[in-house]
Structures are given as structure tokens and as C-alpha cells.
Amino acid sequence: MDTQFKTINEIMALLPELQEGAAGMQETLIANLIMLSEIPAPTFEEKDRIKLLLQRMLECGLQNVSTDEAGNGVGIIPGTDPARNILLVAHADSVYSGKADHTISVLADEIIGPGVADNSLGVAVLATLPNLLEALGIQLNSNLVLLGSTKGLGSGNLDGLKFFMDHNRLPFDAGICIEGAQLGRLSYTAVGMFRGSIDCRLPEELEWQRVGESSAIIALNDVINRILEIPVPRRPKTSIVLGAIRGGKSFNIMATQSSLRFEVRSEGSEIVQQIRVCIEDIVADIASKYNAEISFKIVSSREPGGIDIGHPLVKSCRQVMEHLDLKPRILPSMSEVSELIGRGLPAVTLGITEVSNLHDLDETIRIQPIYKGLAQLFAVLLAIDGGFCNEPE
Amino acid sequence: MNLNDWIKNNTIHHSRFWDIKKLVEEKERQGLKISLCLPTLNEEKTIGKEIVMFKSELMDRYPLLDEIAVIDSGSSDKTCEIAATFGADVHLSADILPQYGEKKGKGENLWKAVYELTGDIIVYVDADIKNIHPRFAYGLLAPLIYRPEVHYVKAFYDRPLAFSQGVRPSGGGRVTEILVRPLFSLFFPDLTGLIQPLSGEYAVRREVLEKLPFPIGYGVETSHLIDVYEKWGMEAIAQVDLDQRVHRNQETRDLGKMAFGILRAFLFRAEALGVIGELPDLSTFLRQFQANNESFEQVAFEIVEEERQPMIELPEYREKFGIKQ
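Protein chains in written order, with the working numbering: chain A, 1 to 393; chain B, 394 to 718.
Among the hints, erroneous ones may be present.
[To be verified] Straight-line C-alpha distance at most 27 Å; calculated DSSO-like pairs for lysine-lysine: (1) K523/B x K99/A; (2) K523/B x K497/B; (3) K497/B x K51/A; (4) K47/A x K496/B; (5) K51/A x K415/B.
[To be verified] Beta-carbon label-pair distances, calculated as ranges: (6) R366/A x L579/B: 53 to 61 Å; (7) W411/B x K99/A: 58 to 66 Å; (8) E418/B x S97/A: 40 to 48 Å; (9) G715/B x R366/A: 31 to 39 Å; (10) D513/B x N9/A: 46 to 54 Å; (11) D101/A x E664/B: 44 to 52 Å; (12) F44/A x T645/B: 41 to 49 Å; (13) L361/A x D674/B: 47 to 55 Å; (14) V697/B x S356/A: 42 to 50 Å; (15) T80/A x N435/B: 47 to 55 Å; (16) D101/A x P541/B: 37 to 45 Å.
Hints are computed from structural coordinates only; laboratory data are not their basis. For glycine and all other residues, C-beta sits at the position ideal for the given N, C-alpha and C.
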């Protein structure tokens, strides 16, 4: 395939061919997906899945295949111009415990199993990309850096990607984050966010007469009421989500411990900061009132930011999607793309297929739309490689 | 031949054959053609995954398999549709050699595969394996490719979890340990060297397969082992440890039917080989119990363990494969 283009429309004209070529590699992609999915990879325990990813890259004949101190897996598909690099990222960790049954089922039109969409499919795309590009005869000018990143979700706080970006020496032109879900997704902005946990402990030796006056649950309840009183502005758009509470032991036993997990997100970074200070004050106040030990920990955080909707990278993505009859669903993100954007790298997140039951044990992806999702990815890659996504000087 | 030596030399772990590239080179050097046969009956949950895996890894990536075929006994679910979607050749058992009629049973599919498939080696893999992996095929093929004296390679599955001492019990499933192993111990002691004689995964050279009679039901594996042992000796048999195999578990009552079929096939082989005397007419009915309120009643299942003649005796087969009379 000729990969030198005068206009981006020449790339659009290739979309049917790209889609067909992707479908031709169906078994290779699905086999990689099965093998990667069936290795459990909860956050911080991605080692075995990354090992398989690297082995697959080696089998494809990639030369620069390595892992780093954070456990990330990296491979490079060399381009013709050594000065140019495009970063492709898929987070390798999943939300499922290693104890869950990771067996995958393949039906005629669907694949079912924990994590197939988030994000085994993304990682499988990385593992299969060298085969796919070879089959399509695509030789890019830029080096394609394939990164299976670790420690992405929850308290992982994108640490794998952060480590890679801190220590990587290659200058990137752009980044694409690949997620299984959902086809049509387009993320190029990040919301500011922090996730916190508040843990409350009361001394064990409370007397039974004092039952009702004090307990870790009542103390936490006070904390929650006070958090709900924090004024939340409409603009910049801000929200506080109280995600999970735990505490106590049984019907009639005084609770000596309780915990709350919550998330604050806002398009304004100052607001995030203000709410954080408020919560610190609330915690200190309640702790003294109940003579309790209450700790407030920030588990992960992101800075808000983003590239403009008019950025050529975003425009190219939208154009590709429209040619594929996909309605772009523009979502601000808190995942990998936020980290790349925060570092000034133009980046987007793209979804690969249609997904249902996301994060359930029967997470399901549809097979047929995958080829459209891949055609989209190839076209965006070609657009970046062809220089159609650079901001005018 | 000393059985301990056989166990030592002919029991191999699949990890010895991790280098598939080398295996393919050796296969090509010998000009061998290899077919994978998946006998199916309503396996829609697992068949797609097996085919995708074998096609991607052992056909597209490493050209070890020349043919992947599903031989179906008339599934009522989507087994055939799914298999075709992922690029397997799908054959209905009834459509192969229709002039010989249609009999029900896995052995029937295996027998018809000998006619339909074209490989010099056929590797049979059951279609109900949940944790499918390429080793299920290449692990069984490798001894045939590397060792010309080996003709029949049987799988067994043994993955110790945590075990502190060196010695631990090992062996087969319930029917193996309660029925087949005692029978082999009595009549064919050498065959007790097989750790899981009933496993449904094995690879066999065509020149052996075409000379074997095939019981059409549960007895096919047992009967094969006895025949291969009698005609080619233990040296022709090897067994490969494929680690863990995850599949659905069977009810004890179903195992009763299986045991009945195996026992019938065993007795007929033993009689034909003159190992035991002449048998009386054997019943084809297995009788099991069920309770109906306070009373007990018997349920009789007819289990006919018919046998297909060696393929080489069929003129159609000799013509297709150019074998002179």
C-alpha cells in the first residue's frame, strides 16, 4: 500500500480497503485476545500479561522489545524516518481480581469474558498491530512505539505510563490510547479529578452504655453530611461522587471502623483544590469531636486540560469517524490520554468495538465492528504519519 | 520390553516441544501433511475458541497444520455455523460415505475423518476444552514428527497444585481408575503404562489409523490402544503431558453408560485376540435405578457398541488414497 499522501482525503478513500484487510486477520487478533484475556492482570499484577505481549511482539520480529522498572511492555515498529515517533498506548491492567474465572467464550459474532473489552482488546490490538500492518503493506515514516502500560486503574494512578513518560527519550509527535470500549469514542480532554478514601477508627474499649452516642459509622455519617454541604459550582462543571462505604461488623456490635471512597472531578483545577482543602478541614473537625482517628488519603489525581476541538488531530479523527458512519462520542477522560495531554502531547483515546456488560464477568464485545474500529485506527495513524495532524506553526 | 523403561522414554512433557518453528521445519523436511480433526456434537460454547486458536497459531503463524476440520454428528446448536465463521472445514458425519449409513457416536466421526481428511497424520482434539492452547495439537504431533518409530501419541493431563512431598497420586479419571486400569492390569499389563488411556486427544499416523477397527461409541480409545499394542507394540505408543485441561464434569450415571460401552468394546477385543475364551451373547442394555416416590424402578439404556471395519478394507478409501488391492 502506498503510504505517501497529498491530502487526507486520499487516506479516507482507503478506509474500505483497511477495513477488509483488518477482517482478514481475524483469527490472529482473536487468538491474541483470548490468550491475553485469560491471563489475569489486576492492577499491580500485570507481569504475566505483559510477558505474553512482549513474546508476541518478538515473534512478529520486532527488534526493540523491552520492559522497564514499572513493568511496562514496549515494542517499536521501525519507520523510515528515525526522528519521528508515534505513541500507541493500551493499559494492560483490568478491574477483575485474579481469582475470577478468566475463561473466554468465542461465539460467531461475540466474545465474552472478564476484561475482553477493558482492556484486553486494546492490548490485543497492540500485539497484533505488527501483523496487521504487514498484511496491509503499510510502512510508516514514523516509528510506532507500542506501549502496554501497567498500574493504570484506580490506585495505580497511571503510574506505569507516568514512569514511561518520565524516562522515555523519544520525542513523540502524537499519542493514541486504545480502549476496547466503545467504537466512536473520542477523548481529547481531561477533567481534573482526585479520588480519596476516608478511614475512621474508634478505640475498641467503648462501653456499651455509650452505644448510640458514638460509633465509627456515626462519625463517618457526620463526615458525609458535611461533604454534601460543600457548595459545588455548576461552572466549571464539578461533581462529588460518593462511591463506596464500608464499616461495622454486625447488627448489634458497635462499629469501630468505617471507610468512605469518593471521587471529586471538575473542569477547573482550582475547584478541585478548594474541595480538597474543605474535606481536610471537615475530617480534622469530626476527628476531634468524636475522639476518633480519621485519615484522609488521596489515592489518585489528575490535572484538567485538553487539546482544542479544532486541533488537526481531533479534526482528523472526526473526519475518519464520519467517513466510517460513526457518530463521534466526545467524552472527557481521566485515563491514559489525560496524562499525555498533561505533558503537552497531542493525544486522543479511540474505542475499537461495541461493548456490553462492561466490567461484569460476562463483559461482551461484538466481533464485526472491530474491523471498523481498526480501520479507524489505521487511518488516524496514517493521518498523523502523513503530517495532517500537526498544528500550523 | 521393560515397562519402566517405556514409561521413562515415552512419557514426555509438552514443554520439550516449545520450539514450533523447528517442528515445522522438520515436518516440511519430511514432506508431511497434517490434519486436525475436531469431532463435535453441540459444542457452540467452546468450538469457536478452539478453531481461532489453532488456525491463528498453528496455521497462519506457524504452518504446522494443513487442515482443520470439524466432523459434526448433527448439532442442533450453532456449532457448525461458528466453526465455519472462523475458517474450519465443516463436515456432517452423515454426508461422509453415506452408502455406509449413519451411526451415532464419537467413534463414528473419528472413523469417517480417516476417509475425509487428507493428512499423513491426524490429530484428534475434543471440542469441549475450555482452556484451549496450541500445545494441545503441537504437543501430540511432535513425537510423531521427531520419532519415526512412534505411531500413536496419547495426551494426559497432570498439573500438581501445591504439593509438598515428592510422591503424589496421579492417574486418570474415575472410569480409568475404576474400570480400565483394573482391566488392563488383568489382561494387558503393558497398557497400564498409559496414565490416561481414555483421554480424547491423540495424534496418529494414517498408516496405523486406516488399519484399525473403530467402535463407534465410548470404546474407541480403549479398543485402539489394544490394537496398536497388539500390532505395533508399546514402542509405537507415546504419551504427552499437556498440563491442565478444563472441561465440563460428567455425572456418575453418565460415567456408568461410558463404562458399559467401554467394557463391551474391551470384551470383544479380548475375545477377538484370544485373550479370553468365547463370550456368551452380551446384553446391550445398561440398567440403572431411579426412585419414584417410595418405589424403585429400573431404567434400561440400550448402548450398542457397534464397530466400523478398518478403513483400508473399503474400496472407496483405497481408491481415494491410491492404495492397490
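Any hints this thing doesn't respect? Which numbers, in order? 3, 4, 7 and 9
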